[in-house]
Amino acid sequence: MEQEELLPLLYDVSRGEKAAFATLYEHTSDHLFAVVLKMLRRRDLAEEALQDAYVQIWQHADSYHRGRGTVLTWMVSIARYRALDSIRYKKARPEQSLDGEISISDAPLRGDDQRKLHQCIEDLDHEQRQAISLAYFHGLSHEEVKNHLESPLGTVKSWIRRGLKNLMRCLSL
Amino acid sequence: MNYLNRERRHALAAEYVLGTLRGPARERFRKLMMRHEALARTTWYWERQLNSLTTSLPGQTPSEHVWQNIAGRTIDLDRTANVPASKASTKPGWWLWGGLAATFFIAALLLWTRLPSPQEVTPSQIAVVNNEQSAPLWLIEVVNDQLIVKATGNIENRNARDYELWVIPEDGTAPVSLGVIPQSGIWQRPLHPLIVKNAVKALAVSLEDKGGSRTGSPAEVLFTTTLASL
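Residue numbers (our numbering), protein chains in the order written: chain A, 1 to 173; chain B, 1001 to 1230.
Certain hints may be false.
[Stated by the list, open to error] No farther apart than 30 Å at their CA atoms in a straight line, the calculated lysine-lysine pairs in the DSBU-like style are these: (1) 165(A) to 38(A); (2) 116(A) to 38(A); (3) 38(A) to 146(A); (4) 165(A) to 116(A); (5) 1031(B) to 38(A); (6) 116(A) to 1210(B); (7) 146(A) to 165(A); (8) 38(A) to 157(A); (9) 18(A) to 38(A); (10) 157(A) to 1031(B); (11) 1031(B) to 90(A); (12) 146(A) to 157(A); (13) 1031(B) to 165(A); (14) 146(A) to 90(A); (15) 90(A) to 157(A); (16) 116(A) to 157(A); (17) 38(A) to 90(A); (18) 1031(B) to 146(A).
[Claimed, not checked] Examples of chain A residues toward chain B, derived with CB under 7 Å: (19) 25; (20) 54; (21) 66; (22) 69; (23) 77.
[Said to hold, decoys possible] Cβ-Cβ distance ranges computed for the label pairs, FRET-style: (24) 1216(B) to 18(A): 50 to 56 Å; (25) 59(A) to 1217(B): 46 to 52 Å; (26) 17(A) to 1184(B): 21 to 27 Å; (27) 1179(B) to 170(A): 17 to 23 Å; (28) 149(A) to 1216(B): 48 to 54 Å; (29) 1055(B) to 59(A): 23 to 29 Å.
These aren't lab readings, by the way, just hints derived from the structure by calculation.
All C-beta atoms in this analysis are idealised placements derived from N, C-alpha and C, irrespective of residue type, glycine included.
Next comes chain A alone, as it looks inside the complex:
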């Protein structure tokens, strides 16, 4: 479901319309669940984070505005922050091989902004792109990225920091 359909739905949710909330859940929960499941790697933790995220979306639907991105990216933000909180407080994620990890550059392209983002990510050094991808999609900390890539902590931090900086520079051109 695209922004043009999600926005009126979210507006109705902000007015407390229950049917709109159910429809919003129906059309977005698979996506949000995929995001948090990848980060938390356990269905029970991911479902808990998903519940918290939708409760927050219901309560704060009226705080959405375009500056936060599309309705969907705003909802992804809420879900990811819930997952990061869960990682912080529970710290119980099963070890898992992250082979076959999704590279950021696999993202399908929608519109000029996404094409630009894609291009800028393509332009990053391989290590920078990989470190950012592991942190973003799998919720890995600096320390966990270090273990996964078997590189010194300082190097990993620098890949991420410089990668983000290069990304910003490229996006602003």
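Given chain A, put chain B in place with the hints provided.
Just chain B now, with coordinates in the frame of chain A:
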């Protein structure tokens, strides 16, 4: 304030969104975001960029009971007590108050809802661009050394054209472009020297070809407004 340095702001906000800013540093960042609007805006920038990457993930269906739990915690509860006071005022009838009242109401509402810490980010000057029916289109604020333009939902969306903002100098010289302004969302730029020097007669919005004026002059001026000090 060190945190408002642009580079530092972006570095922190990006790692906050990415998730690598952790522990007490993450908590400190959350507090700072409530105090400093610029930090919140920078965070939104990174949310917009990074979180659009998740579109590549194949969907995963959660168990049935997840929705039941969510419904139990939300729509089954009486929510009316939590509705913010501002909502009661957004009924269509408020247009009847007239253009001026509407302008100030929208300005106040935007300020109230968007700015977490009014003491720190209160604009020094403000202008509202209204259409012929006195419906507010853009709210323009001068905050510290920044010009912030916020689009309202009343703007007629022109996919093939752009709206451009101009300064009309007080000395009667030609209008100076401040750039193409968005048809939705928020736009922010460092203050133009004419605004800093308080040498502005008016602001104008023109309709231009995509990408903005090609001649250096406005093609079709649609609206004008003036900056008012607060």
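Against the structure, the hints come out as follows:
{"no.": "1", "hint": "165(A) to 38(A)", "verdict": "holds, 25 Å"}
{"no.": "2", "hint": "116(A) to 38(A)", "verdict": "holds, 25 Å"}
{"no.": "3", "hint": "38(A) to 146(A)", "verdict": "holds, 19 Å"}
{"no.": "4", "hint": "165(A) to 116(A)", "verdict": "holds, 15 Å"}
{"no.": "5", "hint": "1031(B) to 38(A)", "verdict": "holds, 28 Å"}
{"no.": "6", "hint": "116(A) to 1210(B)", "verdict": "holds, 18 Å"}
{"no.": "7", "hint": "146(A) to 165(A)", "verdict": "holds, 20 Å"}
{"no.": "8", "hint": "38(A) to 157(A)", "verdict": "holds, 22 Å"}
{"no.": "9", "hint": "18(A) to 38(A)", "verdict": "holds, 29 Å"}
{"no.": "10", "hint": "157(A) to 1031(B)", "verdict": "holds, 23 Å"}
{"no.": "11", "hint": "1031(B) to 90(A)", "verdict": "holds, 22 Å"}
{"no.": "12", "hint": "146(A) to 157(A)", "verdict": "holds, 9 Å"}
{"no.": "13", "hint": "1031(B) to 165(A)", "verdict": "holds, 23 Å"}
{"no.": "14", "hint": "146(A) to 90(A)", "verdict": "holds, 21 Å"}
{"no.": "15", "hint": "90(A) to 157(A)", "verdict": "holds, 24 Å"}
{"no.": "16", "hint": "116(A) to 157(A)", "verdict": "holds, 25 Å"}
{"no.": "17", "hint": "38(A) to 90(A)", "verdict": "holds, 16 Å"}
{"no.": "18", "hint": "1031(B) to 146(A)", "verdict": "holds, 28 Å"}
{"no.": "19", "hint": "25", "verdict": "holds, 6 Å"}
{"no.": "20", "hint": "54", "verdict": "holds, 5 Å"}
{"no.": "21", "hint": "66", "verdict": "holds, 4 Å"}
{"no.": "22", "hint": "69", "verdict": "holds, 4 Å"}
{"no.": "23", "hint": "77", "verdict": "holds, 5 Å"}
{"no.": "24", "hint": "1216(B) to 18(A): 50 to 56 Å", "verdict": "holds, 54 Å"}
{"no.": "25", "hint": "59(A) to 1217(B): 46 to 52 Å", "verdict": "holds, 49 Å"}
{"no.": "26", "hint": "17(A) to 1184(B): 21 to 27 Å", "verdict": "holds, 23 Å"}
{"no.": "27", "hint": "1179(B) to 170(A): 17 to 23 Å", "verdict": "holds, 20 Å"}
{"no.": "28", "hint": "149(A) to 1216(B): 48 to 54 Å", "verdict": "holds, 51 Å"}
{"no.": "29", "hint": "1055(B) to 59(A): 23 to 29 Å", "verdict": "holds, 25 Å"}
The structure meets every hint from the earlier list without exception.
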